[in-house]
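Visitor: The listed protein sequences correspond, in order, to chains A, B and C. Numbers given in our numbering equal positions in the first sequence, counted from 1, plus 381. Numbers given in our numbering equal positions in the second sequence, counted from 1, plus 1038. Numbers given in our numbering equal positions in the third sequence, counted from 1, plus 1.
Please keep in mind that the hints were generated in silico from the structure rather than gathered at the bench. Among these hints, one or two may not hold up.
[Stated by the list, open to error] Here are some chain C residues the structure puts well away from chain B; computed CB gaps all over 10 Å:
1) Ser53
2) Arg124
3) Lys236
[To be verified] When the alpha-carbon atoms are kept at most 20 Å apart in a straight line, the in silico DMTMM-like pairs for lysine to aspartate or glutamate are as follows:
4) A:Lys741 / C:Glu88
5) A:Lys427 / B:Glu1222
6) C:Lys39 / A:Asp688
7) C:Lys39 / A:Glu622
8) C:Lys39 / A:Asp648
9) C:Lys203 / C:Asp224
Every residue, glycine too, gets a C-beta built ideally from N, C-alpha and C.
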Amino acid sequence: MDTGFWQAFLAALALQAGYNSALVAVGAGLLGAAAGAGGTFLFLRKRALVSDAVAHATLPGIGIAFILMVMLGGEGRSLPGLLLGSAVSATVGLFLVEWIARRTRLPEDAAIGAVLSVFFGFGIVLLTVIQTMSSGRQAGLESFLLGSTAGMLYADAVTIAVGGALCVGVVLLLRRPMTIVSFDPDWAAASGVSVRGVDLAIMGLVMAVTVIGLKIVGLILVVALLIIPPVTARFWTERTERVVWIAGALGGAAGYLGAALSASAPDLPTGPLIVLVSFGLFMLSLLLAPVRGVAAALWRHRRFQHDVHRRQGLLALARREAIFDRLTLKVLRREGLIRPDGVETPDGAAQAAKVLRDEKRWDVARRVYRDETIAGRYDGLTSIEAVLTRDEIAELDRRLGPPVSVGPRIAGAVP
Amino acid sequence: MNAFVQLDLTPLLIGVLAAIACALPGNFLLLRRQALIGDAISHVVLPGIVVAFLVTGTITTWPMMLGAGGAAIVAVVLIEAVRRLGRIEPGAAMGVVFTAMFAAGVLLLEQTDTSGVHIDVEHALYGSLESLIWLSADGWGSLLDPVALAGLPPELPRMAAAAALIALLTGVFWRPLKLSTFDEGFAATLGLPVAAISLGLVVAAAVAAVAAFDAVGSIIVIAMFICPPAAARLMTNRLERQVAWSVAFATLSAVLGYVLAGWGPLWLGGTHAVSAAGMIATVSGVILALACLLGPHRARVGAAREA
Amino acid sequence: MPSAEVRLAAEDGRAMRPAAPVDSPFAVQETTVSYGGKPVVFNVDFVAPPNSMVAIVGPNGAGKSSLLKAALGIVPSVSGRVTVFGEPLAKARRRIAYVPQRASVDWDFPTRVIDVVLMGMYRELGLLKLVRRAHREHATACLARVGMADFADRQIGQLSGGQQQRVFLARALAQGADLYLLDEPFAGVDAATEKAIIDVLKSLKAERKTVIAVHHDLATVADYFDHVLLVNVRKIADGPVATTFTGENLQATYGGRLATAHIDQLKLASA
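For reference, chain A alone in the conformation it holds in the complex (with noise of 0.2 Å):
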């Protein structure tokens, strides 16, 4: 990239690319700031994929907004018009999801297919019959497809600013009922929350975010807009309160990153770039996230073989049991605590006699202590001393006796 480029995104970042273009980064942000918070609730209740139903759904309504406006003599292309309708035929798209998957024996994904495929393939037709209509020639509605900020209006600008603003508002008001709500509806539900209600508002919400996001994404990418903040966000935090302010900043960084992108150069469409800087923070999350990121997890999960290994291979050690598994015997060579040839080393049978001493006990504990806090914790590989005091370790070895002496030992090798 030439500097160029770069002057331009600095100065599209600082807001000094036009007054449309900062109106159109700023409305971005504060949409992205909404779906993601928004999307986060949907998200919760494992019905992300709604919102893709609610997206396509709300094409029908964009022509037949369009055909009546014309009918009623009026301009076909006004941009609150075309939303209205949008959203009404997305409301009616979300109610027949809800419908058949509640009264008929399919599941949700397929009424949510069934749903987007439908409502889509009848806006596509409704689109050419516009085509067809001698206002309609230049009516430009396949925009609402992928979304376009080149050459848009002032007023189109502005009403999505003030959208993005009032959605985050409602997000902020009504962040709490969300939250308990897509954590435990049923306990929502018993706290006196109404869980109809709030369910309704996440999904006008949801609606609202789609609608707004149509001019700028596009009906088929703004539920990325929804779906990738949260999940990004869930790789960061355990706590559902946190998820929505982590989602909801990200998507607002990828907005207003992705508006200020797309206005530094010709041929970057707006709508692809936001995603693609959302999908970005996302891989970095997937890959990096300190508890539930890959490299963690990797790591982790090595961690915790070696440890199972290690274990039984010193637990057959003790027991004078031969050992068949490969990387169980690759990491006692690894540690010195057998030698080559299979025999322990000294350093391995005082390992294994502390190991089989540490199963010995949780013998003894078992049966000891009723309590389920303690003898619920055995897992195999958690030490004894973990879990008990030193007194009480004291006690089950005075049951146990004392220590027997023990004598060299082969691992043995696979036949």
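Starting from the structure of chain A, add chains B and C where the hints point.
Guide: For chains B and C alone, kept in the frame of chain A given last:
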């Protein structure tokens, strides 16, 4: 009648074959709770063909098919990876992957000089079934005329081959497919390669989607993956009959949709045909709606799957 | 002092832990299964005696089903080996019949009872062999053994829980195996079904087959089974019911989850 053979026979056949090719694997995807895989696959076809175009510089059949097929497999692997590595529910994993890939496709397309070649998003979405006419035909006799047959739109033999391949695979692997769809754990104890069966099904769906998309566009593909099998499920309680019903519904949707798109507006006093792809999807939706309201087996009876 | 055997092993490099005995229908060794980074089964060794009826017993979440599923390759294990009749699992699948938990499948699946039983004959039927009258009669006979012959043409979703369990057992019978592995066959079934299932299992034993079942009802262990494997993450004990199913072993298996009063009421080994 000549005009019918010349203008309508081939689009009609291609539409029917595409609908059947998608509906067959759709039955199993529906029962495996993977109905939306079809949606994801048909979205990632776009980046696949754009990349194929960037690599080869031409819009010819095989590179595009390979590109689209490759993209479908990349998408499926990515979805699986995101789902497992990130411990994310399948719907959300799908949403993340296919939107990102579609966005990448659009961005690449915008950045590429595609003037002079016919490649755009709208085309990928709703195809141009109406344009697949058989100009060299001059009546039913042309069906036996090698010269005229040579002028068939290449989409027809391609779609026919894909549909035949998928029908054959469905027949040959019927038992393992049914078994592993119903009870994957039991299938594994029989020694069936359940993971390979699962992937094979998705690849077959990708083949159907890729073969269909450039003739009829993604939107029919998604609709045919879901609507005919879903409607068929409400008609019967036996898998064999469900698949038969789904083929019937797919055929009906394609024929009725094509006819309504071509002649419907004329009957209503309009002058222009509307999108055949859109109308086929719409008709399949109407069939599904009727099945939801009237299908003899529309209500749930069995205990739902736990967990 | 190391025993003579150990020294011998050390000298000629032979393994001390014997390979699973060839006559054992089912043996697992060094098996560890984890779920979410925690072992649910740890380092379990178990050798089932030929022609035995084994109950795998332990508290909920103690890895009973996981042990079975890992042994069958349905879920991955962290370590371990399985031998079936002296052969590795992959070679011996033909001799195994498996009855999964009833809740593991979608009973709304569009198929009939007889079709489910025919699934058990997949090895015989293969990809393309036609279902002939002999196959159908065999499947019907298996249904008759569990008292479900009249339901052959029913949609599976219309069955009660107990009937579903019997259909699964009929499918296993249709496999014609030598080793039967059952995951909670008596969970949530009616008394008639429980009786029907145990009669079939006992007749299998009479036919010299081996039956291993994950079992949750301590009160019936002594009546139904002759061997028991007690697990709580690791193996607590295994052996004949008569000597192993003791109050002390149960206490060690269940810890505080089992009241002493409850144990007193059980039909236990006299030891």
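Visitor: Could you run down the list of hints and mark each one as holding or not?
Guide: Structure-based check of all given hints:
No Cβ of chain B comes within 10 Å of the Cβ of C:Ser53; the nearest lies about 20 Å off, and the non-interface call holds. Distance to chain B contradicts C:Arg124 as a non-interface residue, since its nearest Cβ pair spans about 7 Å, not more than 10 Å. The Cβ of C:Lys236 sits about 23 Å from the closest Cβ of chain B, beyond the 10 Å cut-off, so the non-interface label holds. Proximity of A:Lys741 to C:Glu88 is assessed by CA-CA distance (about 33 Å); at most 20 Å being required, the pair is judged violated.
Annotation: proposed proximity of A:Lys427 to B:Glu1222 is violated, straight-line Cα distance about 23 Å (limit 20 Å). Proposed proximity of C:Lys39 and A:Asp688 is supported: the alpha carbons are some 11 Å apart, at most 20 Å. Distance hint between C:Lys39 and A:Glu622 is unfulfilled; the C-alpha atoms sit about 27 Å from each other, more than 20 Å. At roughly 51 Å between alpha-carbon atoms, C:Lys39 and A:Asp648 are farther apart than 20 Å, so this suggested pair is violated.
For the hint pairing C:Lys203 with C:Asp224, the CA-to-CA distance comes to about 11 Å; that is within 20 Å, so the pair holds.
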